[in-house]
Amino acid sequence: MILPFLLAALTDGAIVAAQPDLPPAVAAIAAEASERLLAGENLPPDYRLRLLALPPEERMLAIVYLRRTGLLRGEAFPLDDILRPVVPSDEATQ
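Take the sequence shown: its letters are residues 0 to 93, numbered as in numbering that gives the first Met the number 0.
Calculated from the structure, these hints are not laboratory results. Any given hint might turn out to be false.
Label pairs and their in silico Cβ distance ranges [said to hold, decoys possible]:
1) A38 <-> P84: 32 to 42 Å
2) L82 <-> G39: 31 to 41 Å
3) F76 <-> E40: 17 to 27 Å
Think of the CB as a built atom: it goes at the ideal place given N, C-alpha and C, for glycine as much as any other residue.
Model the full structure from these sequences, guided by the hints.
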């Protein structure tokens, strides 16, 4: 009964300790991804738009993190999308 709480606390602490200093936006995505992973949930439906709103260097960090956690599976993220300049939110929805 207490095991899930201990496992969550240990895993969460290990994930945070293993992360280098991440930019704030990437750290927020990593924290949410860790919570979703521990809860057995998938990525939110808007994750691609959220990644495209990041600068390319931060986008790459977030994609690598999501791939390593196993949350970003299946179809590869196109290189053009990884290197694309920041897309304003109103353009990303079109």
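Okay, the hints, checked on the actual structure:
Against the hinted window of 32 to 42 Å, the Cβ-Cβ separation of A38 and P84 comes to about 33 Å, which satisfies the hint. Our hint of 31 to 41 Å for L82 and G39 holds, since their Cβ atoms are close to 33 Å apart. Separation of F76 from E40 is about 20 Å and conforms to the stated range, judged on CB atoms against 17 to 27 Å.
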